[in-house]
Amino acid sequence: MKSLELVNIRKDYGGAVAVAGMSMQIARGELVSLLGPSGCGKTTTLRMVAGFVAPSAGSVLIDGRDVTRLAPYERDTALVFQSYALFPHMTVAQNVGFGLEMRKVGRAEREAQSLEALRRVRLEHLADRYPRQLSGGQQQRVALARGLVLNPAVFLLDEPLSNLDAKLRGEVRSEIRALQQSLELTTLMVTHDQEEALTMSDRLVLMEGGRVRQAGTAQDLYERPADAFVAEFVGRSNVIEGRAEGGGFRTACGTLLPAAAAGAAGGSFYAIRPEKIVLAREDAGEGVGGALREILYLGAQTEYTVMLGQTPVTVIAATPGPDDALAGLRTGDPVRLSWPGASARLLGA
Amino acid sequence: MAKLVLPAGLLVLLLLGGPMLLMLRYSFNVFDPLFLMKQAFTFENYARAVADPYYQKILTTTILVALACTALTTLLAYGPAYWLARMESRWKSKLTILTMFPLLVGGVVRSAGYLALLSTDGLVNAALRGAGIIAEPLQLLYTPGAVIFATVGIVLPYMILTLASVIESIPRQVEEAAANLGARPGRSFFRVLMPLSLPGVLAGATLVFILCMNAYATPLLLGGPQFQMMAPAVYEQFARASNWPFGAALAFLLLIVTVILTSLGSSVIARRYRAG
Chain A
44 MKSLELVNIR
54 KDYGGAVAVA
64 GMSMQIARGE
74 LVSLLGPSGC
84 GKTTTLRMVA
94 GFVAPSAGSV
104 LIDGRDVTRL
114 APYERDTALV
124 FQSYALFPHM
134 TVAQNVGFGL
144 EMRKVGRAER
154 EAQSLEALRR
164 VRLEHLADRY
174 PRQLSGGQQQ
184 RVALARGLVL
194 NPAVFLLDEP
204 LSNLDAKLRG
214 EVRSEIRALQ
224 QSLELTTLMV
234 THDQEEALTM
244 SDRLVLMEGG
254 RVRQAGTAQD
264 LYERPADAFV
274 AEFVGRSNVI
284 EGRAEGGGFR
294 TACGTLLPAA
304 AAGAAGGSFY
314 AIRPEKIVLA
324 REDAGEGVGG
334 ALREILYLGA
344 QTEYTVMLGQ
354 TPVTVIAATP
364 GPDDALAGLR
374 TGDPVRLSWP
384 GASARLLGA
Chain B
33 MAKLVLPAGL
43 LVLLLLGGPM
53 LLMLRYSFNV
63 FDPLFLMKQA
73 FTFENYARAV
83 ADPYYQKILT
93 TTILVALACT
103 ALTTLLAYGP
113 AYWLARMESR
123 WKSKLTILTM
133 FPLLVGGVVR
143 SAGYLALLST
153 DGLVNAALRG
163 AGIIAEPLQL
173 LYTPGAVIFA
183 TVGIVLPYMI
193 LTLASVIESI
203 PRQVEEAAAN
213 LGARPGRSFF
223 RVLMPLSLPG
233 VLAGATLVFI
243 LCMNAYATPL
253 LLGGPQFQMM
263 APAVYEQFAR
273 ASNWPFGAAL
283 AFLLLIVTVI
293 LTSLGSSVIA
303 RRYRAG
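Chains as they are written, first to last, in this note's numbering: chain A, 44 to 392; chain B, 33 to 308.
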């Protein structure tokens, strides 16, 4: 029995389809991310689980029980809103205790449990403050505590990191994951940020246009993308149009690229990750020749854009040291790119 | 910048404060049948306004009617205000304008409308008789009920619009969070929506209470000769009795009572809900 199960749920708004028949399961203690561009239906799916949106068809099961027709307040879910949605007129402790209050837990017990939840997010010293007196990161942790104090069957996170600054983001990311794992919370997270999804989830579900494009572990989606959309959305990819030819792939502008097998012979797209490509000076002798168009220094890494005919290809490599052969490269220089054919994938659209 | 604002500021101050100060001064004068009034500095007018049972009764009626109207208006306005505030369709702006529409017509005209609605051969009686519910027309007009009914109708738009703008500023997610945490609609209303919309309720109730305390046309047209409220009584002193000092004193008594009651009400309600 799965903690959360969506069976072919669908949502139409008038003629527009927001979610077009989607099924998924989340096991107890598992964190699954719904990933996708805005408008892909991920938020609608989350809201159907919480009960704010009634599915047009299909069902939502929590711990095997059909909750599709239940009101939000009758479901054992806790949603951490993107905006946190703390109650501004209540103290931190009252916010965290609200769910217990609604479940008619006595005052003393409520206060003890709220404090325990606040301790988990290291905010017990701020219990008597009001939300407006807290920083964004602290408000976020109050919102987390308010949900997890209820020990919900399903924990829902809506873009949990989007309102935090970049420095805090990494910190909160590990903190949420650690909490989720130690409490074994069954969690569904919605995000448009692939890095967030890759680092935090046990599994990912990539959605687009109301449909699931691919579901699987981070490695599945990154190493074995099902199609060009997945390859481009998860991590970075050079996706090049063309057709398979013999043992390789002929780009639209005529360059022959190495490919491992003619497995996905029908594929009209060729995907290669920027970090799998080896960049060398032209005199290296092997690989595909091109012209260096752009060099972006990123600190530890450097990003190069190389033109193979009319096709731009991005290469990411460790920034060369002063004695490195690549150290003196300038835009316009002729270079060679090489990679094992097995690193590339032939994909459908 | 300050120099540029100064002339306009002085003009506004003169327009707003001038008449008030003048009336305040008059209220300490002595009435004179021949010369209208004599310069003096006496509290006699105030003493009479407070002590005279006739005016005590009028003031009490005014306060009770205003309180009843404010309470009823708040109760009636909350639902439509919430509905309007949370509406997402293209009808929202049209309905908001429609709510404002009655305000384009003056209180006198609308009071006359209620007159036509409630009179013995008015719409309500005609409908009830037509439906066979009553045989003889009901005496609806010239009752306190008629005044309250009509006053509520007249001030409702102010309340709905004030409440709607405050409810609109409460994020929907806060209500969703309450539901998500297990709050049924009733609990969510009393624990979250009501305390958060309290500033709007207070602002609206204060506005409505002041309007009701100063209602003039409605009590005059719908209350009949036996039913007296303060604003018509003040007018009577100025226009009929030509007793300007006493009229001014009555007006300031009304003002003082209104100020005391509104500030008292706000602080009591605010304290009660903020503690939650």
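Hint data in this document are derived by calculation from the structure and do not stem from the laboratory. Glycine is no exception: its CB is placed at the ideal position from the N, C-alpha and C atoms. Do not rely on the hints blindly, as some may be mistaken.
As the list claims (entries may be wrong) - Between beta-carbon pairs, the in silico distance windows are: (1) A:Ser-81 <-> B:Ala-163: 53 to 61 angstroms; (2) B:Gly-111 <-> A:Lys-147: 49 to 57 angstroms; (3) A:Leu-226 <-> B:Glu-120: 42 to 50 angstroms; (4) B:Leu-108 <-> A:Leu-113: 45 to 53 angstroms; (5) B:Leu-108 <-> A:Gly-180: 50 to 58 angstroms; (6) B:Ile-288 <-> A:Glu-117: 47 to 55 angstroms.
Said to hold, decoys possible - Some, not all, of what chain A presents toward chain B, calculated at C-beta under 7 angstroms: (7) Leu-113; (8) Pro-115; (9) Tyr-116; (10) Trp-382.
Unchecked claim - Pulled from the structure, derived: some chain A residues nowhere near chain B, Cβ distances all over 12 angstroms: (11) Ala-261; (12) Leu-369; (13) Ser-381.
Take a look at whether the Cβ-Cβ distance between Ile-288 (chain B) and Glu-117 (chain A) falls inside 47 to 55 angstroms.
holds, 53 angstroms
Do the numbers back the hint for Leu-113 (chain A), that is, is its least Cβ distance to chain B under 7 angstroms?
Violated, about 11 angstroms.
Honestly, do Leu-226 (chain A) and Glu-120 (chain B) meet the 42 to 50 angstroms range at C-beta?
At roughly 36 angstroms between Cβ atoms, Glu-120 (chain B) and Leu-226 (chain A) fall outside 42 to 50 angstroms, so the hint is violated.
Tell me if the beta carbons of Leu-108 (chain B) and Gly-180 (chain A) are separated by a distance inside 50 to 58 angstroms.
Roughly 44 angstroms apart at Cβ, these two residues miss the hinted range, so it is violated.
Beyond 12 angstroms from chain B, beta-carbon-wise, is Ser-381 (chain A)?
Ser-381 (chain A) is indeed farther than 12 angstroms from all Cβ atoms of chain B, at 52 angstroms.
Taking 53 to 61 angstroms as the stated bounds, is the beta-carbon spacing between Ser-81 (chain A) and Ala-163 (chain B) within them?
At 56 angstroms between Cβs, range holds.
Chain B contact restraint on Pro-115 (chain A) - CB to CB distance below 7 angstroms
holds, 4 angstroms
Taking C-beta pairs only, is Leu-369 (chain A) more than 12 angstroms away from all of chain B?
Leu-369 (chain A) clear of chain B: closest Cβ-Cβ about 51 angstroms, beyond 12 angstroms.
Just to be sure I understand the hint, the distance between the Cβ atoms of Gly-111 (chain B) and Lys-147 (chain A) should be within 49 to 57 angstroms; is that true here?
Once the Cβ atoms are compared, 28 angstroms apart, the range 49 to 57 angstroms for Lys-147 (chain A) and Gly-111 (chain B) is violated.
Closer than 7 angstroms between Cβ atoms is the bar; does Tyr-116 (chain A) clear it against chain B? Give me holds or violated.
holds, 5 angstroms
Grab the minimum C-beta distance from Trp-382 (chain A) to chain B and call the hint holds if it beats 7 angstroms, violated otherwise.
violated, 47 angstroms
With respect to the beta-carbon atoms only, verify the hint that Leu-108 (chain B) and Leu-113 (chain A) lie 45 to 53 angstroms apart.
32 angstroms Cβ-Cβ, so the 45 to 53 angstroms window is violated.
Checked against the numbered hints above, the structure violates hints 2, 3, 4, 5, 7 and 10; every other hint is satisfied.
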